[in-house]
Structure formats: structure tokens, C-alpha cells
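Number of protein chains: 2
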Amino acid sequence: MFEELQPEIEDLIEQRRFHQLKETLATFEPGEISELLEQLERDDALLTLRSLPSDRAATVFARLSHDIQLAFVESLSPDGERLAELLNDLNPDDRTAFFVGLPETVVQRFLSILNPKERQNAIRLLGYPEDSVGRLATTDYIALRPDWSVEQALRHIRRFGAKSETINVIYVVDKNWRLQDDIHVRDILLADPEATIRELMAHRLVTLNADDDQEKAVAIFREYDRAILPVIDDNGVMVGIVTFDDVLDVAEEEATEDIQKLGGSEALDSPYMATPLHTLIEKRAGWLAILFVGEMFTATAMGYFETEIAKAVVLSLFVPLVISSGGNSGSQAATIIIRALAVGEVRLRDWWRVMGREVISGLALGFILGLIGFTRVIVWALAFGMYGEHWLLLGITIGLALIGVVLWGTMAGALLPFILKGLGLDPATSSAPFVATLVDVTGLVIYFSVAAFVLSGTLL
Amino acid sequence: MFEELQPEIEDLIEQRRFHQLKETLATFEPGEISELLEQLERDDALLTLRSLPSDRAATVFARLSHDIQLAFVESLSPDGERLAELLNDLNPDDRTAFFVGLPETVVQRFLSILNPKERQNAIRLLGYPEDSVGRLATTDYIALRPDWSVEQALRHIRRFGAKSETINVIYVVDKNWRLQDDIHVRDILLADPEATIRELMAHRLVTLNADDDQEKAVAIFREYDRAILPVIDDNGVMVGIVTFDDVLDVAEEEATEDIQKLGGSEALDSPYMATPLHTLIEKRAGWLAILFVGEMFTATAMGYFETEIAKAVVLSLFVPLVISSGGNSGSQAATIIIRALAVGEVRLRDWWRVMGREVISGLALGFILGLIGFTRVIVWALAFGMYGEHWLLLGITIGLALIGVVLWGTMAGALLPFILKGLGLDPATSSAPFVATLVDVTGLVIYFSVAAFVLSGTLL
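Sequence order for the protein chains is A and B.
Read in this note's numbering, the first sequence has 208 at position 208, and its numbers run on one by one without any break.
Read in this note's numbering, the second sequence has 282 at position 282, and its numbers run on one by one without any break.
Hints in this document: simulated from the structure, not taken from any laboratory.
Check before you lean on any hint, since a few could be wrong.
Quick list of in silico lysine to any residue cross-link-like pairs, SDA-like style, CA-CA up to 20 Å [stated by the list, open to error]:
{"#": "1", "chain 1": "B", "residue 1": "K421", "chain 2": "A", "residue 2": "Y272"}
{"#": "2", "chain 1": "A", "residue 1": "K283", "chain 2": "B", "residue 2": "L371"}
{"#": "3", "chain 1": "A", "residue 1": "K311", "chain 2": "B", "residue 2": "E306"}
{"#": "4", "chain 1": "A", "residue 1": "K22", "chain 2": "A", "residue 2": "S54"}
{"#": "5", "chain 1": "A", "residue 1": "K421", "chain 2": "B", "residue 2": "Y272"}
{"#": "6", "chain 1": "B", "residue 1": "K283", "chain 2": "A", "residue 2": "M355"}
{"#": "7", "chain 1": "B", "residue 1": "K311", "chain 2": "A", "residue 2": "G303"}
{"#": "8", "chain 1": "B", "residue 1": "K283", "chain 2": "A", "residue 2": "R357"}
{"#": "9", "chain 1": "A", "residue 1": "K216", "chain 2": "B", "residue 2": "D245"}
{"#": "10", "chain 1": "A", "residue 1": "K216", "chain 2": "A", "residue 2": "G127"}
{"#": "11", "chain 1": "A", "residue 1": "K216", "chain 2": "A", "residue 2": "P129"}
{"#": "12", "chain 1": "A", "residue 1": "K283", "chain 2": "B", "residue 2": "I368"}
{"#": "13", "chain 1": "A", "residue 1": "K216", "chain 2": "B", "residue 2": "D249"}
{"#": "14", "chain 1": "A", "residue 1": "K283", "chain 2": "B", "residue 2": "R357"}
{"#": "15", "chain 1": "A", "residue 1": "K311", "chain 2": "B", "residue 2": "T307"}
{"#": "16", "chain 1": "B", "residue 1": "K311", "chain 2": "A", "residue 2": "Y304"}
{"#": "17", "chain 1": "B", "residue 1": "K311", "chain 2": "A", "residue 2": "E306"}
{"#": "18", "chain 1": "A", "residue 1": "K421", "chain 2": "A", "residue 2": "W351"}
{"#": "19", "chain 1": "B", "residue 1": "K22", "chain 2": "A", "residue 2": "H203"}
{"#": "20", "chain 1": "A", "residue 1": "K216", "chain 2": "B", "residue 2": "E32"}
Derived, one-sided and incomplete: chain A residues facing chain B with beta-carbon distance under 10 Å [stated by the list, open to error]:
{"#": "21", "residue": "G31"}
{"#": "22", "residue": "R186"}
{"#": "23", "residue": "G264"}
{"#": "24", "residue": "W287"}
{"#": "25", "residue": "S324"}
{"#": "26", "residue": "S329"}
{"#": "27", "residue": "V343"}
{"#": "28", "residue": "E358"}
{"#": "29", "residue": "M386"}
Output of the computed footprint for chain A on chain B, the stretches with three or more beta carbons under 8 Å from beta carbons of chain A [to be verified]:
{"#": "30", "stretch": "245–259"}
{"#": "31", "stretch": "312–322"}
{"#": "32", "stretch": "432–440"}
All C-beta atoms in this analysis are idealised placements derived from N, C-alpha and C, irrespective of residue type, glycine included.
Make the full structure from the sequences, and use the hints.
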């Protein structure tokens, strides 16, 4: 329905009928308009954005990708007033997100345009670490004092409610702005107007700390099923609120990052199509080159067994099969454990129990693949007369090597995420391909060692 | 803080001090209690759950893993009244989720225990497909008629508000229960008591269809920043509401499934530690065996080049290095594209533009790895006198083969997700390891073809 509208919007822009454009856009949600703008030609997008009323422009602006945001701000620069309006109208959390990608000097210039109150907020929120809850916080909430009456509170809510992100939950703070409790607006509405706010306090407060990692916020929102949570600093002073929509975005973005890292590249940090081609290549080339250098050790390992290969070329035929099985089982174990760690199903101290399960899994999977591999050699030998006179010993070599390699791959894959996390690193970082590379090299050693043992005196 | 309490709770259970247990638990959130129960011994968990008041037991029950739910229901079975109370107290969406995993006969028995209204709801919600929005819907919402006055509406809200999941958003339906609009409770509260509900309607309704995929619900919640959305059927009749907390769970679970599939196993469908060992092995063995059978073609491919390998054993040394580079670049491209498709950054019709970007990326990455590989051969040859007299030609072979293999891996990795999605399959299904396997086999052919071309007349 909405996509069909794009040509109409483009026509209106082309014909410079901005009044009608404005009217058409008035019926759409900010999320729809931002999606439309991402599809339009850059100049058309900027013109459309300028045609919106300033508070609405701010809401749409917050949802755009960083490069359109920058282009828009640049296009506004000659018009200092309009720029100031936009920056002041942005929600504090969206403003923080926009500022984060900018050079220090530009941020300073923008901060100087803000009015004193917004500037103070912006500086405070920017002070929290990247990926911390503080960076998600917005200061547009309603706060009451415990000694106010319900009637006073209602007057305050009516006065400041419009600017607040939500009036469903109201916060109670003391005179030092330390958070005391939160209250549902319905409890205030249904209360006796003479009662004090203190009497309504239920003291079942759940809070986030501004320094907490954003992933922790996702876990807490899931555990407590809240739509909004207050953020406090180490002194219990209220910093702001975090709403579920930001948390949903964080959950999706964290998952995207983890998936991209698991696939062996850096996190792109921007939508695929919006990522410039050179960035796309840079983010992938680094890890690919590191893995390649790691994988070079396979050539070294193979070099050690060159005489064995020359004696029994047939051994080389199964090299890709054996080592890739180790790699696959390692990636499998690594991804399962990494995700379990990310969503908190498994904790660092569970590593010992996990290893117990993975050793049994690795043995079972190794036996299954070993049996298939053994059968493959036997069937081809009997049916096509391949692999020479020692086919049975070759089959045994392949089978035993597979058990060893798959068990080793599974253990390495399960253990590496714990080691990375224990070292304070992100377990997702390139783990699956890294495990595959590690297991390729060591798998060769296992394979040729088994071969040397089983085939000694016959093929070797 | 909360974890330290576990020993205390265990003591209270051991000493059968249920009254004190009840009092202690009263101060905790359902999410905290369910987490505690998952840690406790099974029998202790069931006793603790029984000690909770029945409506609270239902809330905690909804958050437990399926096997504890089943054990609890079985333990209640002799006490028909308590079981009926639990099933009737469950939120409709949580009840649907519980029923879904049960055998048909058991569901029938449970349905017969429900009171008529809840039974009708339960049957209707169970009728929607698995992973559809209908399965997430709850019927605990407040509906008004457009011709009611604000005063009538407020009376209705006060009367039924307690049982509703939310009173923040109220729904307006006609006499056939077709959804007309939604209204924020604050708009009703601030309106003239004499006004009609129709006058408050803003007609900016965003709805979900009960048959929609749950992933679509996540996208719509993100686009519109709503905490609650109404669900309608094909006739516009209101089915229920979906709340952000269920959507956050869906987002996390979908990401977990995608990650597990990308890692080359089936989705586990339950937390790692709660998955029985035999299930864990079964879910992994299937894909591992399929990939293994696919990888067997490497042995066949290598077999075709056995004479080349026998003539130039040195070629075999680089087999793992060359084919794993193709596999790594293929996994990288596949994971990036799969995630972009999953979150809607890229659509099926974009495949042509994506391929354009990936061909350039693949060439660039291939040149980088080709150059490193070429350098590796040259340096080892000059420094250690390895690889015989034709080391320069060998270096050229490795370099060219890497360009071809990486380009091919990247293209295959980027294209496969589009093909799977075009066929109506889940692009995440084992794509990364599947691409790696495909590229291993074809990479061998590319490698030995390049070798035959470059080394013909010298080594071969």
C-alpha cells in the first residue's frame, strides 16, 4: 500500500508542489516517512524532510541512517535557526545517537547551538560509554516528589505530559533527584486526590544502571516484561528512562552484529545497501586475511607429511573431507555456545558442565561421521576397485581420524567462546571460522598421525 | 542479590516452612521466581510453585520451560480444581504457547476443563498457524463502542481494567466486533465526559493480521515504535492484542534460530542447558551428516586429479589453504546477505544489485588473498629453497586459483540465500556451511584447472 505511493511523492517533488506534499505526508507515521526517504534520491529526500513541520522533522530525522542525517544537517547549516530548532527538538536519546558518529569539533559546534537545559542533558548522556544504557536514555519523563498530593501530581502531569515520552509510568524522586519509586499513572488517576504520592508507592522498583551494557538491558526488559525502565547512576540519581522500542532495536542490532561476526567479518554497523562498497570490502578483508594467514599453517603441516603423501597419494584424496568435518562440527558447537552465552542461557561458570555435554556430543557425532566415512571407502573399494590392496586399512584410518577430528573440533568449538569471554572479549568475534581454521591445521596432524599408526608397514 | 537467595529458599523448602516461603516469594517478580524455579531441583520447584497464590502461579507458570510446565500440570492432575484454576488463569497467549507442544488428546482434555469463554478463545487462537501472529495474541484487552460517551467508557474501563493486559490503549469495535480504531487512555481521561468515543477517534490505526508471520510483527513494532498492536482477521474482526514483551521474545528467539541454523545445525527450540543430550546430538547430527555426504565429493574430485597429485605432490600441500579460502569468503557473504534479508534491509528483488556489489567485493578480496598467497610461496621458496625449480609458476598458480576460488565463493555465498528465499525456504538453513561445502568441491576443480593450465609442460 505504502510502496505504491513512492511514484506519487516523487511526482509532487518534481513539480515542486510542496504544499500538497506536506498534506500527503501528514497522514503517515514517522517510520513510514523515514523508510520512504531512504528510497528517494538524496536531494529529493532532503527537500521532503525540509517540508515537514519542525517537531515532526525531528522524529523522522531520528530514524534515518547516519549519512542522510549528516547530509540534512549540512543542507540546514546556512539556516542557523532551523538547525537549532531541529537539534533542540530531537529526543535526547536520538540526539546522543546522532552525535556519536561525528567528529569532536562538529559535536562541540552543535552543543553550542542547543539551549542550556538540552545542552546539559546532551553532555551528560554523551559521557556514558559506547553501548551503555546511558546512551539509550531519554530525559523526557515526568518526575514527582513523594510529599506532593495526588491533585498536585495530576496538575503537574497535565502540564508536562505532552513533552514526555510516556505518561504511563511516573517517577518519584527526592530533592537530590534520587529515584525513590515508579508509579503507574492509572494508580494516580484512581487514587483519592487528597492522598500523597508517598502513600501510593509500592516499592517494587526495577532499575537499570547507566553504565550497564545495552545487552543487559535487553535481558532485564525480557525478565520483567516492562515497557519502560528508569536509568540511575551509581549514586541512585535518576539519569533518564529507556523505552522498549530502543531495546527492541538494540536486540536486533546486537543479533545482527553477532551474526556478522560469526560469519567471519567485522560488524558492518550499517544496513547492507547503505554500506559503501569500500567499507564492505574493508570490514571483510581484515578477518579473511587473518584466517588466511592462520590457514597457511595447513601448508606447513602438509609439508611435514610430504613424504607420506608421496608414498600414499591416496591419503591426500581424503584431506578435504576429514578436515572439513572437524571444521563443521567446530563451527556448530561454537555458534550454539556463543548464542547461549549471548542470551544468558549459559554462564561463564557453566563451562565445565558444557564441556561434559560437548565431549559426549563430539564422540557421538564423530562415531556417526566415522561410520559413514568408513562405509564410503569400503563401498567404493568393493564396487569400483579403488584405493588399492590396503582399502580396509584405509577405511579404518578414515573412520578413526574422523572420530578424533570431530571430537577435537567439537571441544575446541565449545571451549573457545568461554576462553574469549573469560578474557573479556566478545565470544562472537569470528569464532566459527576461527575454530574451523584452528581445527583444519590440527585436524591434519590428527589425520596423518592416525594414518602413520594404522598404515605403518603397509602403505607407509 | 537474587542469586544469593537460592540457598535460603532451598532451606525453607527442606524445612517445609511453606508459609515463610510464600512470604519471601511475595516480594519477587514473576520473572525472578521462574528463573529461581529453573535452578531448583524438580520436586522443590513444583512444591514452590504450588505454594504460590493461583493467579501468581499462572504468571510464573507462563515463563517456565515446557518440561517444568508439564511436570507441574501432571502433579496437579489429582487436584482437578487447582488444575482448572491454573488453566483458566493463564493469559490466552501463554495458554496457546503451552498447548502447542502437547498431544492432541491432552489438549482436548485441558480445553474441556476451561470455562466456556476461555475455551472459545483458546480454540480460536490455536487455529492460527505456528509462528503466526495469532499464536501471540491475547484476548485480555478493553473494547468500547463508538457511540458510547466518555463517561460510559470510563465506567467500563474501571470495571474491566484489572483483568486487561493493558489499559493504556483501548480499542473501538463495531457491533460485529470489527476494529474501528484505537485510543490512548489519556485521550479518554482528558476528554469531556459528555463527548462520544467516535469524536475521539483519530483513525491512525496500525494493525497486524492474525495470519502474519511473527517476524513481520517484529518489523512492524520496530517501524511504528508501538508497545501494543491489535490483531485482526481477514474480515477486520478483532482477534486480540500483541504486546511488546512477546515481540521482544520473538525477536530474540528468531535470531537464536537463525544463528543456530547458520552454524549448521537445526534450531534447538529450547535453551542449551534445558535441551536433553540426545536431542542436542540429533539436532546436530542430521546436518553434519548431510554436509559430510556433500563433502565426500571432494574425495571424488581429488580422485580425478590423482595423477596430477602423484606427479606434483607439492600441489596437494596447498589444497586445504585454497579451498578453505573459498569456504570462508562464501560463509562471510552468505551470513551478511542472510541477515540483511531477515531484517528486511535487502529484498528478493534486490538480488541483481547485491550480486553487482558482491562480484566487485569478491574480486577485491580474491586479489588480496591471491597476493598474500603468491608472496607466501615466493618467500618460502627464496628463504628455505622449498617447492623445487618451478616455484614461480607454483606461486602464480596459487595466486590465480585464490582469485578464482574467492570470487566464486563470494558469488555462491551471496546468491544461495536469494535462491532459498525465492523457493520459499528459510535462507538461514545451514547456508554458511552448505556454501563452504559447495565451494570446497568446486574450489578443487578451479584449483587443479588453473594448475593444469599454468604448470602444463613443466610440473604437469
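Q: Could you tell me which of the numbered hints above are not met by this structure, giving the numbers in increasing order?
A: Of the numbered hints, all hold.
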